[in-house]
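With chain G held as given, fit chain C onto it using these hints.
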Amino acid sequence: MEENFLSLDDILLSQERLPVRTECVFPRLGFLEKSSDSQDIPEGTKMELPLWLSKGLYEKKRKVLSVELPKVYKEGWRTVFTADPNVVDLHKMGPYYYGLGSQMLHFDSPENPDIAKTLLQTFIGRFRRTMDSSQNAYNEDTSVLVGRLDCLEKVLFRSGQKGLNGFQSWEKGQASQLTASSLVLNYRKRKLVDVQA
Amino acid sequence: MDPSEVEFLAEKEFVKIIPNFSLDKIYLIGGDLGPFNPGLPVDVPVWLALNLKQRQKCRILPLEWMDVEKLEEIRELERKEDAFTPAPSPYYMELTKLLLNHASDNIPKADEIRTLVKDIWDTRIAKLRLSADSFIRQQEAHAQLDNLTLMEINTIREFLLDSLNCMYKLRSNLQPGSTKGQFADY
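If you're matching them up, the sequences are chains G and C in order.
Each position in the first sequence, counted from 1, maps to that position plus 65 in the working numbering.
Each position in the second sequence, counted from 1, maps to that position plus 15 in the working numbering.
Excised from the complex, chain G in its bound form (with noise of 0.2 Å):
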């Protein structure tokens, strides 16, 4: 999945933490791992790095580092997905889990293909779920429903929500009555000096 420069998810995902080991010696950065007082990182230290410097550091023909699976994408959470995935609180587990899944791939590992095929069948499966609660829940709390959301599937709940608010005001005839943009109302009240001036 390619990355937007400007969404703001996308940046905040580059932030998710991913486990790697380190395959050479990085000298001098020692500060960046708080569990030792060496100056260097050494070769085959366990460490976790922000997704945006992994993939930075990562290369197929000089190993600097492996990357590891995060739990979640690996074989015994990928079974529990196949086998329901309504159950799972995609929040906690993410809160990028698709974001995240994708960016995986640019790590090769043997099991891409499964994570990708997983990713794909987890979103098919929630899928119903969420259209039914963002189509339906009209006038009510929504934090319920939202809460076990991944972000991708919360931006859908929120476009779903607005068709069905969109259609409700227009059937209580809401939508006939003018309203003042929402730009409008954020102005502050212009002062008499400024009008003159």
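When the alpha-carbon atoms are kept at most 25 Å apart in a straight line, the in silico DSS-like pairs for lysine-lysine are as follows:
hint	chain 1	residue 1	chain 2	residue 2
1	G	K227	C	K142
2	G	K136	G	K99
3	C	K72	C	K27
4	C	K124	G	K237
5	C	K112	G	K237
In case anyone wonders, no lab produced these hints; they're calculated from the structure.
Chain C only, in chain G's frame:
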């Protein structure tokens, strides 16, 4: 699209009215209307009919399908069939709302009609969701939307398009090689 924009389009539909005034033919960009003679039925667009009705200058004749028996038939058919049956009018929801809100005194059994139309709408929306789900589940690339009305499509449009975009992205992950090309950019 906003539902009120869909309603605006629906106002172009023609409806029969019986005016109680006389006026020569009027020439408009959209076509000529009239002449209006007291007691003689004439076809006018809904927006004009409602305007005249509000000024008590006409009586609106109910549309052909705005009839309890016909709507009951449509409702039964809609419940029986798995696919969408032809809607009574491409703007049935909008027209029902407009005419029943402004001219309920001219339409017999207005309340029953309102309930029936709402029933038909609910049945069709449930069907729409069911087919959207199976559409996603089977990972189809295109679907034929026969007999759907604009308002029905409009309620689900944004959600469905966003979902299809997400699904497309997740599906493009499946193709090996697509990730390698992107990786070179960093």
